[in-house]
Amino acid sequence: MPTKLPATDAVVVGLGWAGAIIANELVDEGLDVIGFERGPWRDTAKDFNIASVPDELRYNARQELMLRTAQNTCTMRNDVSQTALPMRSWGSFHPGNGTGGAGNHWAGITFRFQPEDFRLHSHLTERYGRQAVEAANLTLQDWGTDWEEMEPHYASFERVAGISGKAGNLNGTLQEGGNPFEGARSIEYPTPPLKQPYGPTLFAEAAREMGYHPFPVPSALVSEGYTNPLGVTMGPCTFCGFCTNYGCANYSKASAITTVLPALIRKPNFTAKTNCEVLRVTLDPSGTRATGIVYIDASGREWEQPAELVIVAAFTLENARLMLLSGVGEPYDPITQRGTTGRNYAYQTANSVQLFFDDKNFNPFIGAGAVGMGIDEFNNDNFDHTGLGFFGGGSIRVTPIGAAPIANRPVPPGTPTWGKEWKRATVDNYLSTMSIGCEASSYSQRGNYLSLDPNYSDRLGRPLLRMTFDFPENDLRMAQYCTDRVAEIARRMNPRQMVEKPMKGHWNSGPYQSSHVVGGFVMGSDPSVSSVNKYLQVWDVPNLFVVGASAFPQNPGYNPTGTVGALAYKAADAIRRLYLKHPGEMIA
Amino acid sequence: MSEKSTPVRGVTRRQVLTSGAAAVVLTASGRASAVTIDGTPQWRPFDHNAADAVDPSQDWQFFTAEEAATVEAITERLIPADELSISGREAGCAIFIDRQLAGFFGTSERLYMQGPFVNGTPEQGDQSALIPRQRYRVGLAALDDYCRRQHQARFAELPGESQDEVLSGLERGEVPLEGIEAKEFFSLVHQNTMEGFFADPVYGGNRDMVSWRMIGFPGARYDYRDYIEKHNQKLDFEPLSIAGRSGWRTQG
Ligand SMILES: Cc1cc2nc3c(=O)[nH]c(=O)nc-3n(C[C@H](O)[C@H](O)[C@H](O)COP(=O)(O)OP(=O)(O)OC[C@H]3O[C@@H](n4cnc5c(N)ncnc54)[C@H](O)[C@@H]3O)c2cc1C
Ligand code: SF4
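So the protein sequences, as listed, match chains A and B.
Using the numbering used here, count along the first sequence one by one with no gaps and you end on 588.
Using the numbering used here, count along the second sequence one by one with no gaps and you end on 1252.
Hint data in this document are derived by calculation from the structure and do not stem from the laboratory.
Straight-line Cα separation of at most 25 Å, SDA-like style, residue types lysine to any residue; simulated pairs:
1. A:Lys360 <-> A:Tyr212
2. B:Lys1183 <-> B:Ala1068
3. A:Lys166 <-> A:Glu224
4. A:Lys501 <-> A:Asp428
5. B:Lys1230 <-> A:Asn494
6. B:Lys1234 <-> A:Glu421
7. A:Lys46 <-> B:Gly1103
8. A:Lys360 <-> B:Phe1237
9. B:Lys1234 <-> B:Arg1213
10. A:Lys420 <-> B:Pro1159
11. A:Lys195 <-> B:Arg1221
12. A:Lys504 <-> B:Ser1187
13. B:Lys1183 <-> A:Gly419
14. A:Lys360 <-> B:Pro1218
15. A:Lys360 <-> B:His1231
16. A:Lys420 <-> B:Ala1081
Estimated spans, in silico, between C-beta atoms of each pair:
17. A:Asp358 <-> B:Asp1055: 40 to 48 Å
18. A:Gln82 <-> B:Glu1109: 25 to 33 Å
19. A:Glu421 <-> B:Gly1173: 19 to 27 Å
The beta carbon of each residue, even a glycine, is placed where N, CA and C say it ideally should be.
Whenever a hint applies, use it, and build me the whole structure from the sequences.
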């Protein structure tokens, strides 16, 4: 039996991006808030010291900052006929652990979604007709919100994170040099675009010549000294190239630990409990009210923390798992399509084209998780899909992340993997190879979902999360089409050799693709197909909010975190403005 | 709203209960202990969680002398000495692998290692119950057995070309090994050799940053603001390790 602690106003589960943002907003409202984090407290000064962070073996190969699978992992299979097996080390995605969450070792590409994305099902039906949408065999849904409601919260997130970039659409007026496809923005980016390395510059030239509109990729790596509205100061990115999968020693990469937590932890009505893993949300006997959470501390002792308000912000995977373990909502059944907990799990479809040159030197070690140039002509519904046989698209861009050489040694296909010839090819291609990526949409389909695993359990004997996922036929067609468009640009850049890599075949849990796992506890306006309303409030459990990319009903061709941050502000704003005045269902 | 108790400033380590269960949890989460933080977290200057540097002059920590000879021979062939660089063996790859196996990598202690261990689809990844220490111990013994049967000599004693043939056979899965899949064994040794050759020299391989010089990687530099716009130019940086560089070390 867990020992019961004195009650508090609000508990927040997870101190990554979403949890830190909401905790800070609730603390400012005067609530006593306790934040629970299963990993350690992380601070730039002690954890990400400049003398020890540029270490590829430790951070990239041995995954130092990631959740250790011994603590918690998930099982995976491609379809319901298979038996899911555990991911024993991380491959396809890299969940975080400790304050800051995955935000410590993320890349920092920070897009907003487009206005159409929030009403994707309605939009596609209006443009292409019901029949065409049904023929795609997907489970696309609207989000139950719209651009007008989302925009102010995107702005809040961008301000707190100091996002660098160039607006393409300010209050409806298109801006030269920005992304003409973005929704109307109320503010310019808080910091100007980063300087560009050679690869993105060459790509942008070729794209411009072809009539496209290249723009600097919006980035959570600040381009100049910046003090955010919470009074926390960041320093300019130095393009050190130890960025994705590493923590930043320069206070340049926005994460909860560089933007929110330094201010939050100093506020007297906030307490962080680290190395404390939340095991479940407790409900009253009616199941319509959360009474708090149960957690286990590092000594193995269990505690119950009662609270008036429970916010779960534990990243997509653990959001869904905690809801399944706590019996919140009905588990989704892919056969009957009943139930909503675990429904509409989706991912991101990663494609690329690699370019080998003889006469170029990209100095690929100069880079950053989110520096580069992109185009959006082939993203989402920015091009006419009539007759193409698929929906969706991708963000096409060149973003050199750095080239530490355990993982970054491009050689042409067919090169031996060792010996003299291997070495020659490694030396010949290291400085002169680049690649164009296409991070593309992932649309939900009936058989892709999250559930509890019947065979494998964590160190405490609780079922692991089971992921059943494969790429829908729609997405594989989209991948081929978009990669062909990328190849046209690549050809114009005139490489010696190029290699097209559209996503093909089954989802493979081994090679890294992206950590953009979404859905499983989705938002919407219809409780029969969604778990939370547009305020991230759980249907029928009004004092429970579940926040994160778990709320995305499907994933557009953009990275998720700009929208995760905006949803966190949206939920916090609704709690402050509406819920605390009238606790209860905000949407009946 | 609830009463706020007086907050405790700084970090208090609440060792709430020391029980047998603690040890179990600790293996999963490292040195973790539950910490309650109110107010400014405390840390000491230079308390910065440094890398686990390796002392190459020490004895083998995991390998037997025989095993070490085999691994040295393999790393000599995977990364041969030529006009571009010294060999993987000379760069310290076997020392690197030995120290990796002696540490957490060798035991898979950070990984999910609960059964059942079932072979799955290729998409489901590595499902072997063998930890890296076992993979080396079993694989190296089996490799020598195979070489004795086929060539009447241990792997390390074969001429270079024969060693290459055996290695190619392992890579293709055509050399049968007792107790471990040849491909699984080869890919681990290959992965670790490359890690050792290209990782920071503090881990025992990549002596004098030889691989970094070879390809033009400047290592642990942290500021390229003045260089990012020098497009298509050779920069010729002298590389730097997180342990500095040999020229910086004073004698004595
Ligand atoms: C390598 C990498 C690159 C990425 N690049 C990009 C990018 O370029 N652009 C982009 O938009 N996104 C990117 N992402 C994704 C981005 O990191 C996430 O979208 C973002 O961090 C999500 O925020 P979150 O608050 O939902 O989750 P997190 O930041 O992961 O925070 C969740 C926190 O909850 C804690 N937690 C989980 N379970 C429990 C529990 N049971 N009890 C207590 N605490 C718990 C976790 O330890 C964690 O600290 C990347 C991710 C990775 C790993
Ligand atoms: S590239 Fe920039 S943001 Fe990334 S770790 Fe280096 S300095 Fe920090």
